[in-house]
Every structure is written in C-alpha cells, then in structure tokens.
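In order, the protein sequences belong to chains A and B.
Reading the first sequence from the start, the letters are residues 0 to 326 in numbering that gives the first Met the number 0.
Reading the second sequence from the start, the letters are residues 0 to 324 in numbering that gives the first Met the number 0.
Hints should not be assumed to be uniformly reliable.
Here are the simulated BS3-like pairs of lysine-lysine, each with C-alpha atoms no more than 25 Å apart in a straight line [stated by the list, open to error]:
1. B/Lys72 x A/Lys19
2. B/Lys121 x A/Lys19
3. A/Lys19 x B/Lys77
4. B/Lys48 x B/Lys77
5. B/Lys87 x B/Lys77
6. B/Lys87 x A/Lys19
7. B/Lys220 x B/Lys121
8. B/Lys239 x B/Lys87
9. A/Lys174 x A/Lys201
10. B/Lys121 x B/Lys239
11. B/Lys77 x B/Lys274
12. B/Lys87 x B/Lys72
13. B/Lys121 x A/Lys174
14. B/Lys220 x B/Lys239
According to the in silico footprint, chain A covers these stretches of chain B (three or more CB under 8 Å from chain A) [claimed, not checked]:
15. 228-241
16. 303-315
The hints are simulated quantities; they were obtained by calculation from the structure and are not laboratory data.
Just so we're clear, the structure is a prediction, and the values are computed from it rather than from any experiment.
Each residue gets a CB set at the ideal place from its N, CA and C atoms; glycine is no exception.
This is what each chain is made of:
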Amino acid sequence: MTSARSTLQVEGLETYFFTKAGVVKAVDGVSFAVGRGEVMGLVGESGCGKSVTGFSIMGLVDPPGRIVGGQVLFNGENLLTASEEHMRALRGSRIAMIFQDPMMTLNPVLRIDTQMIETIRAHERIDHASARQRARDALGQVGIPSPDERLRAYPHQFSGGMRQRVAIAIALLNKPDLIIADEPTTALDVTIQGQILYEAQKLCRELGMALIWITHDLAVVAGLADKICVMYAGKIVEQGLVDDVLDHPVHPYTVGLIGSVPSHNPRGQPLAQIPGMTPSLLNLPPGCAFRTRCSRASGICEQEPRLSEPRSGHKVRCFHPCLEGHA
Amino acid sequence: MSVFIIRRLLQSIVVVAVMSLLVFFAVNVVGDPVDMLINPEADQAEIEKTMRAFGLDRPVHEQYWFFLSNAVKGDLGKSFIFGEPALKLIVERMPATLELAFAALLLAVVIALPLGIYAGLKPDSKFSKTIMAGSILGFSLPTFWVGLMMIMVFAVMLGWLPSTGRGETTSLLGIQVSFLTWDGLRHLVLPALNLSLFKMSLTIRVARAATREVVHQDYIKFAHAKGLSSRRVILVHLLKNIMIPVVTVLGLELGGLIAFSVVTETVFAWPGMGKLVIEAIQNLDRPIIVAYLMITVLMFVTINLLVDVLYSVLDPRVRLQDVKA
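Produce the complete structure using the sequences and hints provided.
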C-alpha cells in the first residue's frame, strides 16, 4: 500500500497528550499512505484519535498534545522536522483542512470575501482584484449560486450546508495536493451531505488531489473512499481497499461496527451493538485495547497484536481475525 | 436602524425626565442651602430676603416646575455661590474632565488590551501571571491612595512629573486642551494613569477572558489551517471577536470615568467638573449639583446609544432593531 509516489505517507505517527492525570496516547503508531486522486476514509468512534491524526499532519496539535514519534512524509518531505514558517506556507496552500462544524469554522465577524482572499494572499503575491476573482470562481466551483453577491455576505447569512461549501471552497482555493476533511458532513442534512460528497469526490478526481475523509459514518466511506483505515483507541486496527474491508471485515471491531449500522439489522429486532464503551485512552493497559469488548478475546490478547496481512493489501491488528467462510 | 435610534432617543427623553425629578427632590431633602449662604448672625428678615432671592420660599413642586420650564430653554439655574449660570460653569470645566477621561480610556485600550490578549494567549507564562496579579492590585487599591503614592514617588521623590493642575493649555477648536503642549502632557500623565488604573485592570481581565474563549474556537484553528500568519490570526480574527465584550465594558465604564473622576481630580487638583461638583456638594450649591447630574445622565444615555451603534459595526450578526419591550 505504501508506494513511493504517495502524496502523503504517515509512518508510525505517535501523538500523545501530556495531561496532569497522565499521558493520553491519542495517536499511537498510525501508518497509512494516500496517493494522488485517492480518497482514504479514516473511520472510528468519537475519541479514537482520528481528528488528532488529521491535526498532527497539519502540525496543529494544541498543547498539552505533542507529536512524539513517527514520520509524516508529504511529497517525500518529513513535515515533523519542518520549520514552523515552512509549515505555515504549506498549510492552506499544499495541505488544506475542512472541519466538522460549518457553523463554527468561519469567523462570524468577517465577510466571506475577506476570509477567502486572505487565504490566497497568505501564500501568493497577487493583487486584491485577481484574488477576489479566484475566490469567486472557487465559490462557483462548489455550487454556490450568484457567487458575486455571496462574497459580500457574512457567514451567518448562509445555511449550514452553504457554509460547509464555503469552507470547502476555501480549502480548494490554492489547489492543494492533500485535503484532510474532518467529519465535514456530520452536521449536515442527508441530502446536503450527498451533494457535498458528490462534489468532493468529483473535485478530488478532477484536480488529482489526495483526500483523507475522517468520519464515523461507514455509509459515507462506502460511497466515497477508495481505501479505508479503521481506528480504535489510537491505533489502526484494520486497513485495506474499501470493498474488501466493508464486504469482508476481519477485525472483530470492524465486524461490530458494520453490524451496528441499523439497515443491517432485521426490522423489529433489537439493534445490534458493540457491548461496553470505548476505553479511556488515559493509561491504557498494554495489549489489544478492544479485548474487553470482544467476544473472541483470549489470554493472548493481553499482548500487543501485530499488524498481519491475511489477504493481499488488507491488514489487520488482531490475534483472532474473523477469516471464517471467506478466506 | 433609524427607527431604532429614534425609539432610543424617545426612551432617553423619558429617562432624563424621570432623572430630573429624582435629582431635584433628592437635592431638596439633603439640606438647606440658606444655612450655608448667609451670615450665621443674620436676622429673620435677612434670611427671608435671601430665600426669596433664590426662590426657596416657594413650595417644592413650584420650584421644580420653574426649574423644568427653564431647563427646557437650556437654563439650569444660577449657582448660589458664583452667581453665574450653572451650565456655563460646568461646560467651562468639561473639557478638562473629558480630556482626562479620554486619556485614561486611551491608556486602558493601548496598554491593557495587548496585555489582556497576551495573558489570554499564554495563560501559563510567568509574565501572564504577573499581569493578572497586577490587575488584582489595580482593582483592589483605592484610587485616592494610588494617586497619593504616585505623587509621592513621581512628583516628590523622583521629581519627574508635576502633581497638580493642567499645566500649559492650548486652544483646539476653541477648547482648551493640555495634551498638545509638552508641559500639559506632563501634567496629564499622572492623573490619567491614576484614573485609568481601575479600567486597565478591568480591560485586562475582560480581554483575557474573551481571548481564552475565542482562541479555542474552530474558526481560529481554521484560520491557522488556512496558513495565515499568527500575526494576522491574532490582529484580525481574534481581535475583532474580542472587541465585542471589550467595547461593552469600556463603553459602560466611559460614563463612569467621566462622572466619577471626582477623586482623581481632587487628588491632583485637576480643574474639572468633578472638583466643581465636590465643592458644590460641600456648599449645597443646588443648581450646580442638579445641572451636573443632569449632564451626567445625558452623557450616559448618549454613550450607551453610541455603544449600541458600535455593536452593529463590530458584529454583523447584531441588527439594531425595534425591540418590543
């Protein structure tokens, strides 16, 4: 899965939060790669470290968080050793990010044009009029009607879906090589969600961008992504091509996750769920973090499972992968 | 917006009218100015003559009506002591007080706002903790004592700055101001600093609290994610958002700054309205007290209106509307 031509290659990334209560290993040895025009879904429950992974790539981890290990290779260059000024130059220009809550991502007291033009002018010496022109085109590109007028509006004059389109337009302004989208459709209506997904996929293909789509919604990943990484308690427990993983999940957690989707359950039956709760990442005991909720767990699970590759391109971190029936 | 302003102006008139009633009757209860005005050995005939001369022999409601009908014409009565129109006396002293108040406000914005933002951005640094400790002192120490200490240190011991009066003044648009001459500016420093101390502490705390809140908002992180420089994130994205609470507090406090500069003016012998009104209270010079309070009310009403208008400039989500009570 890791090819030399990957836009982004993350190797053994570790981001820890040094809190007063102890060390929280939010991201603990995460590795994956995304290439040009490729969409990777990063899936997991709340608090499993998927957003922190995104922020680690951007170099925007807030204290007390710190990246303590690993490599983030972006076009072959390790971002973790890059200077702050170089990171600033990359952010918003080569790597862009879209946030979860469109109601909160745009500054409420600045007009849309200000917020778009500053993004262009932070990276390029370009006059105001041409920057404005580009901002207008970007708004048109994400399907905002009458972009000229809308440029003069304030964020509160837009609906949630429209705001997220504006945020996507801002991310696209400088034609980045990589976009990290952190649950960008979670706060939106399903219909709007569908439109945004369609636009994102189209733009990604057209512009040849790599896209990391962070979500907890398997349905979204199924329709959008090429590859998928399933995260649990700071670690990637299963990764592979989206069809392989969703059709033939191997890790008990992924199996449970897919089983929890309501449409998979017969009508009238109680919904299937994974018993227990996500463990606190604070002072997590060694071994498989999922073993307390896992029906297949045994004594060996108290050791750290290695990443194995039961099928080509499909990796799993489990001692007891569910390979029955379709090996 | 114009509907909003008209409605607010009408409300203001009601406030001023009610206030005039309160002020006028309150002052009448405080004490009898005749005792202060005449020779203690004067006989009854003389007392009655004085009372008649000032209209004090009439019933209170008649006096009030007389006062009100004159006030509408811009005549707030004559000072018992100076024999001059009270309004004229106050307006003469007003530039000195306004200059002091605005200098204090300026100090609060220029010094305290950056300090507050710094303390909000780096809450754990030693310097921030020093700032916050300093602001607690600024809150707690009484103004007059700080003023006296400032005089002790800077005027008496070090001899750097003068401690009394306005110094040399120049005329700016027909108003006497101190800040345009070097001597005047030197005279202005200590009183302005003294008056500003409390407001600075307040501004630091408000700015810090607002910064702490805004800095964790997604739009600040998003601004960083857009690759903006920290300078721009702080000076544009953060500053514009924290200005809303800061303007609210400073706007309310500006009225207080003008009205209650009394202490500072007394300590530094600053010839402003505050000093005039203190003397008027001591002498029970009713017209001056009443006129001063009326002007203060007018000022508060005006400042509050301006702050409301300023809101809509700062925060586009605020639309000045005709709010039904």
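Consistency of the hints with the structure:
Restraint check for lysine 72 of chain B and lysine 19 of chain A: not satisfied, since their Cα atoms lie roughly 69 Å apart, outside the 25 Å limit. At roughly 18 Å between alpha-carbon atoms, lysine 121 of chain B and lysine 19 of chain A fall within 25 Å of each other, so this suggested pair holds. Proposed proximity of lysine 19 of chain A and lysine 77 of chain B is contradicted: the alpha carbons are some 69 Å apart, above 25 Å. With a C-alpha separation of about 17 Å, the suggested pairing of lysine 48 of chain B with lysine 77 of chain B holds against the 25 Å cut-off.
Restraint check for lysine 87 of chain B and lysine 77 of chain B: satisfied, since their Cα atoms lie roughly 9 Å apart, inside the 25 Å limit. In summary, the hint linking lysine 87 of chain B to lysine 19 of chain A is not supported, as the alpha carbons are separated by about 65 Å, beyond the 25 Å threshold. Among the hinted pairs, lysine 220 of chain B with lysine 121 of chain B is consistent with the structure: their alpha-carbon atoms are about 16 Å apart, no more than 25 Å. The hinted pair formed by lysine 239 of chain B and lysine 87 of chain B fails the criterion: a straight-line CA distance of about 41 Å is larger than 25 Å.
Between lysine 174 of chain A and lysine 201 of chain A the CA atoms are separated by roughly 14 Å; this keeps the pair inside 25 Å, and the hint holds. As the CA atoms of lysine 121 of chain B and lysine 239 of chain B are separated by approximately 19 Å, the hinted pair is consistent with the 25 Å bound. This hinted pair checks out: lysine 77 of chain B and lysine 274 of chain B have alpha carbons roughly 18 Å apart, not beyond 25 Å. Taking the CA atoms of lysine 87 of chain B and lysine 72 of chain B, the gap is about 14 Å. The hint holds against a cut of 25 Å.
A hinted pair counts as satisfied when its Cα atoms are at most 25 Å apart, and lysine 121 of chain B with lysine 174 of chain A does not qualify at roughly 34 Å. With a C-alpha separation of about 15 Å, the suggested pair lysine 220 of chain B and lysine 239 of chain B falls inside the 25 Å cut-off, and the hint holds. Figure legend: the region 228-241 of chain B, annotated as covered by chain A; annotation consistent (6 residues with Cβ-Cβ distances under 8 Å, at least 3 required). For the region 303-315 of chain B, the stated coverage by chain A holds: 3 residues have a C-beta nearer than 8 Å to a C-beta of that chain, and at least 3 were required.
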